[in-house]
Every structure is written in structure tokens, then in C-alpha cells.
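First to last, the protein sequences are chains A and B. Letter 63 of the first sequence, counting from 1, is numbered 62 in numbering that gives the first Met the number 0, and no numbers are missing. Letter 229 of the second sequence, counting from 1, is numbered 228 in numbering that gives the first Met the number 0, and no numbers are missing.
Hints listed in this document are in silico derivations from the structure and should not be mistaken for laboratory results. C-beta: ideal position from N, C-alpha, C; glycine also. Among the clues, some could well be false.
What the hints assert, rightly or not - Label pairs and their in silico Cβ distance ranges:
1) A:F94 <-> B:A25: 35 to 41 Å
2) B:H83 <-> A:A122: 23 to 29 Å
3) B:L11 <-> A:W90: 24 to 30 Å
4) A:W90 <-> B:R9: 30 to 36 Å
5) B:R117 <-> A:A122: 39 to 45 Å
6) B:R106 <-> A:V118: 30 to 36 Å
7) B:L11 <-> A:T272: 53 to 59 Å
Stated by the list, open to error - Listing some non-contacts, in silico: residues in chain A with all C-beta distances to chain B over 12 Å:
8) V81
9) T183
10) E245
What follows is each chain in one-letter form.
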Amino acid sequence: MTKLQFRVLYREFLFRMVDLELLSAHALGDSNKLLGRFASLLIFFSLLLSAPALGFGGRSQAGQVFLPFAFEHFLISTTMVVVGLFAVLSWDSTFPDRRDVLVLAPLPVRPCTFFIAKVAAVATALGMTILALNGLPGLVWPAALGSASPPVTVPALTWDKALPPARAEDLKAIMDRDLVHPLTIGAMAPGTHAGLVIGVSKHGARSILAYGTAMEDSIFELGSISKTFTGLLLARAIEQGRVKLEEPVRELLPPDTVRRPQDEEITLLDLVTHHSGLPGVPSNINIDGSQSRRRLPRSRSLRLPAASRRREAAGHAFRL
Amino acid sequence: MLELRGVTKRFLGITAVDNVTFTARAGEITGYLGPNGSGKSTTLKMITALIEASDGAILFDGQPIQRDLIAYKQRMGYVPEEPHLYAHLSGLEYLVMVGQLRNLPARPAAGRIDGLLRLFGLYSDRHSPISAYSKGMRQKILLSAAMLHNPDLILLDEPFSGLDVSTGLVLRSLIQELAARGKVVLFSSHDLEIVERVCSHVVILHRAKIVADDSIEHLRTLMALPTLEEIFSQLAVEQDTAAISREIADLIQA
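The following block holds chain A by itself, in its conformation from the complex:
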């Protein structure tokens, strides 16, 4: 492989990422113009991504941390999209076409020179695309983070030792100490409308700790936390011989609540392992609790009206 041959082919392939014959014959200097316009577009886009850094100083501490993260993730995903698009658009030009073969094959050029020049051209174009898109935000955002007063820093990720077990009666002191920062300038600072409730139950003794806007009797949607408790309750019921895992749920409900299905019954094992096929939320329950007293139809698709009624009774008033 001679350097000159490589350089000539590299330049040719780099300027031919798109089929320039599609352009007008009168578009003189077209390849340079085309690449220039494409680069300008990417740089303009990167300018847009860098602009929010100018108003960065006036933000809260939480905003100073989350905004760059949001932009970083946006940039990463945008870069992935651009790389994907680039791969699709340049795929055809990665391999020699009929014209390349007919033009270049009679010339004394080794196939490896040809191939390396193709790969190098694609890699360069891709690198330039990423640089044009990320170069400016890559400089502006660190500058904005560094110039903030005090500079916004994210602690390096280190391996922390497990905390020693705390006694239930010491929990309040520990939480009071650890939540000082979040409650003053962090995630639960005044104005964030955020709060936290911690409940501890030990040998029948219960204590509830409330922070931020939360109160001891605030109602939260339990979500997936309930799985732990229902699972434990089921295990206890099985241990006591009151139910079996293979037992159909229908037989545990009041008579005629659910019709006998034509195919397989839903068992307790199906429910506890999330294999029942039931919807996460019945379709006739609104999240704000309105119309929550409407009785669910007795159908195969909604076979647990009793469970649904329990949900209704709990209500859905959320306060965070």
C-alpha cells in the first residue's frame, strides 16, 4: 500500500459519503458545500444544546445537578440516533459499487489499500459528525459547572461500607442527621413540595417519622411495596394450612362472585408470582378515585371484584 494511493482514495471516499451524482451538474464545488452544510447543521444543533448553560448560574442546587445530567443523557441518545442514521446512510458506500470496480480495478491498487481507505473515510466522517455535535456542549457545560459558585461537583463513586445495624429507637436521630441537607437545599427543600414518611414496626411497637411536607397520616400509593406484605401474608396462611398455593382464587371468594372459567383457573401461585394475566389496574377505576364505587362486571377478564373493592375502599388520594 502506498501512502499516496491511500490518501487519494481516502479523500475520494470521504467526499463521496453521499452519491454526489445525484446533485446538479451545475453545483460546482458541490462536495465541499454539501459537507459544509451538514457540519453547519450539526454545529447549530450543538449550539442549541449549549445555550442553556448560559443561564445555568441562577438555578437551585438540585437544578444545577439535574440539568447537566438531563442534557448529557439527551446528547448521548442524540449521538446514538445520529450514529445510527449515519450507519444506515453510509452503509451502501462502505463497500465498492460497480462503478468503483470498473474505475479502480484496472489501476494498480491493492484491494487492502482500497478497503482501508473506505473504512478510514467512514470512520473519519463519523468522528467528525460526533465532534461537530458534541464538541461545543462538551466544552461549554464543564465550563458552566466549574464557574458556578460554589462549583457543582458530583462525588466520585466509591465503595461504601455497609452501615452498621441501627436500633429502632435510634432511627429518628440518624434520619434527623442525614436529612439535614436534603431538607434545607436538597430534594425536600422548601418549595419542592416533597416529603418523606418512614414507618418502623418492631415487636408491636410502631413509630412514624415524617419529613418535609409529609405528615404522619399522609396517604401514599403503596405500589409494589404491597407485594412484600401480601407475599408474607400468603406464606403465613399456607404455613397455617388455611390455603394452598394451587388453590383457585375463585373458590376463596364468596359464592357466585366469579363464574367458573372454561379454561384454567387462576391460583394463588399465579397471583403471587404475577402470572395471572389480570390487568395492573382494572379499566373502570380512575386514578383520582372518581366513580370508584361502580361495581366491576363479572367477566373472565376481571375476575377479582373483591380485591378491586378493597382497592376502592382504600381510596386513591395521593399526597406527596
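We have chain A already, so just place chain B on it with the hints.
Chain B alone, transformed into the frame defined by chain A:
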């Protein structure tokens, strides 16, 4: 000297070129003739190493061309049948690129390119993209690219295609001049009149096989026919051309 020894090319069991053997000598112009689909272009593609022969050997100056393909290509100039060029480049840029890929020294190559562009009448259009060139202008660029490195073997596949009369005359003289200077010239064309004027030796291909390999003079004597056209008709044309033309005329008149 270019030698083909029992060269065969098969595509998926179809024999495009069958056991072709002939020699093109330095200093003479060898005409390579045959009807459409007889295997002329396939043979030329094998000689240019664009495709490999299924059987047989191609030798240049006694050496199989595959032994050192790069060295062989340095000595070969090829004008293909179809003008495949990088049409986004200008004529000048294309020739500079070819010169660089042939590793020609920059300064002499620039002078040679300049001269070729002037002599072929392309100098004023040298900065225009090839996409704006006429077929004849593209053909001139192909000819210039094939001659740029002063090759010892010149392969011409329909080189007169699209050329105007004066450039055609220039090219005809040029081919003769190059042969006189000791080059091996293999010339494939359908224009039998030009072949008869230019070539000293012809190889006629029919249905992938060689049916004649001799000097035109000897063929004339042997077959007792006055022109190459008649020799060609006798050897390679199976149809009654007069009857077909009558039928076509009748068909469009009906």
C-alpha cells in the same frame, strides 16, 4: 506479447468464453471481433483482471498476469466499453487522481495531463464536472486515463464510441502510432471498416469460441472474400440480414 492459452470463463454453468487461445504481439494491432454476446467483453475483462478465468492462462511477456498483478496493471491501459467515471470530479481532477493512483511523479504527470487535455480538445472544459460532459468527451477522458502512464499493453473496447469524426481520425492514427512504437494493442470493435483499416491481425469469436485467428490479408486469400465484413458475415453471422431487415420494414408498414 500477450498470450491467451485455453482461456475459459463459465458463469453458473454457462460458458461465456470457451478455450480461447491467441497471441497479440508487440508492434501489431490485434482486432478482437465477434457478434453481441460472443464473449469479447468477458475476454477483455479477464485480460484486465477484472474477473478471473475459470480455466486457462493469460500471460504477458511470458509471465502469468496473476503472478504480479500490480506490476502487470502498471503496464496496462484499458478503455472500457462503458464510460464509467467519477462524474462528480472534473476531467482534470479525474486524470490527476488516476495519475496519483498509478504513482506517477506529480510534475511530469501534470504536464502529460495538460498535454492530453489540450490535444483531445478538453482543455477549456477541464474544470467542469464530468457529469456535464458529452459521451464523446467522457470517451476522451477514458482514453487519456488509459494512455497517461505510457502503457506497454493497450486494451481498447469500442474506443471510437461517441467520438466525433476528427477525434476518431486522431485516435485511429494514434493506435497505429502506438503499435509502431512497440506497444501491444488489442482492439475490440463492431466497426469492421475501422478494424480493417487499423488492424493487421484479427481474432474472430463466435458463440464463445474462436473461429478465426489470422492476418486480414491471409483470411482474404484463404476465404476468397474481398472484405473483412464479408469474412465476418461468413464466419460469425448466422442470420439472413437482408431477410430480417425486409421483415422489420414490412412489420412497421403493416
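Hints and how they fare:
Evaluation of the 35 to 41 Å hint for A:F94 and B:A25 yields a pass: the beta carbon distance comes to about 38 Å. A beta carbon spacing of about 27 Å between B:H83 and A:A122 agrees with the range 23 to 29 Å that was offered as a hint. At roughly 27 Å, the beta-carbon separation of B:L11 and A:W90 lies within the given 24 to 30 Å, and the hint holds. Range check, A:W90 to B:R9: about 32 Å between beta-carbon atoms, so the 30 to 36 Å window is met.
Hint check: B:R117 to A:A122, Cβ distance near 40 Å, so the stated range 39 to 45 Å holds. Between B:R106 and A:V118 the C-beta distance comes to about 32 Å, which sits within the given range of 30 to 36 Å. Between B:L11 and A:T272, the C-beta spacing of about 58 Å keeps the proposed range 53 to 59 Å intact. Separation of A:V81 from chain B is adequate, the least Cβ-Cβ distance of about 24 Å exceeding the 12 Å criterion.
A cut-off of 12 Å between C-beta atoms confirms that A:T183 is not in contact with chain B; the least separation is 64 Å. The non-interface label for A:E245 is consistent with chain B: the shortest C-beta to C-beta separation is roughly 63 Å, beyond 12 Å.
The structure shown violates none of the earlier numbered hints.
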